[in-house]
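K.L.:
Based on the sequences and whatever the hints tell you, model everything.
FYI, the numbering for the sequence shown is 4 to 313, going by the working numbering.
If you're looking for bench data, these hints aren't it; they were derived computationally from the structure.
A few of these clues could be false.
[To be verified] Derived CB-CB ranges, DEER-like:
(1) SER169 with ASN292: 52 to 62 Å
(2) HIS65 with LYS189: 25 to 35 Å
(3) VAL182 with GLY281: 29 to 39 Å
Keep in mind it's a predicted model, so treat the numbers as computed, not measured.
All residues carry an ideal CB built from backbone N, CA and C; glycine is no exception.
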Amino acid sequence: MRQWLPPSLQKAPGRQVLQNPASETLASMVHRLGGNGFATGLLQDLEPVLPAASWSVYRTGHRCKPTLFMSASRGVPDTTQDCWWAYLSGPYRSDSTWGRAFDEAPFAQPETRLCHVTATEVEGEHRARVYEAHGVAERVSVVEYESDGSVFAVNFYRHQHQRAFSDRQIGAFESVAPVLLALTRKHIVLSHPFPPAATAAWRTEDSRPGPATLTVNTSGAPALLPADAALAPLAADGLPVLRMRLMRLQSELTDRELDVCARLLQGMTHEGIASDLGLSVPTVKTYRNRAFARLGIHFRNELFARVLGG
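P.N.:
Given below as structure tokens:
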């Protein structure tokens with residue numbers, strides 16, 4: 004049997020210990036997963052690696068409702084929500100800071116990249132409304148380009164009063180970025196018991212067309228309409244699981260019919276499904292009606308009953 008201390012905990016007289024800020028940062032992040040202090044504590048955890056003043060996590064693109072999952076600031080007034088609404092006021096429609104246009108052909112499989120942009124490189128309206136208006140000078144992001152063409156981004160911002168990020172700091176961030184992306188996604192799942200794709204459609208205000216913010220209550224869970232409580236047993240399942248359950252009920256359902264019905268089971272509105280799939284609302288209803296006919300049902304509650312009973 005062998006035992007020894009991790010290098011970061013080894014202390015001996017006269018010996019200098021080389022600590023690994025990246026590993027200590029990740030360990031702290033893991034401890035915060037699912038907790039109310041994750042968003043605010045992460046900036047503190049990351050400070051030895053990348054001393055950012057604020058951060059945000061959001062999804063954006065032409066085929067989805069732009070959704071802010073979390074944000075926070077440290078050492079400065081928190082204007083991240085103001086930045087988000089400024090972004091939604093117009094710049095998000097033509098955001099070119101991700102290195103590719105949203106209307107380009109999406110990747111066949113999700114792809115992870117790092118992005119680094121300074122305020123001077125951001126186009127006029129975007130720079131003026133978001134960066135200059137809120138004292139933001141620089142952004143470093145770990146980004147996942149999703150298969151529907153949207154972008155899931157974890158962003159860290161340097162403000163104008165701070166020194167520019169150094170190559171060493173950006174290199175250190177690169178070493179933790181993939182794990183940071185995974186931890187952030189996991190935290191969203193743990194802190195919100197329903198899939199993020201569905202939560203944006205559950206809020207009353209999100210039934211209207213246009214961008215949305217994921218609103219949470221003090222417990223960290225989405226605030227649901229009263230009728231949505233019955234959706235919990237199915238909404239907790241992912242889309243692949245729901246598709247399989249539907250296929251077991253009716254093997255003749257087409258891919259689009261499965262797409263629509265699975266999202267209905269997650270509690271999404273017709274408008275939310277249309278936005279998520281890049282379809283019109285009438286087209287979504289057509290696929291729903293065809294699927295219901297194959298299943299021998301007429302109403303959404305019958306769909307829930309059939310899947311729960313199957």
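K.L.:
What are the numbers of the hints the structure violates, in ascending order?
P.N.:
none
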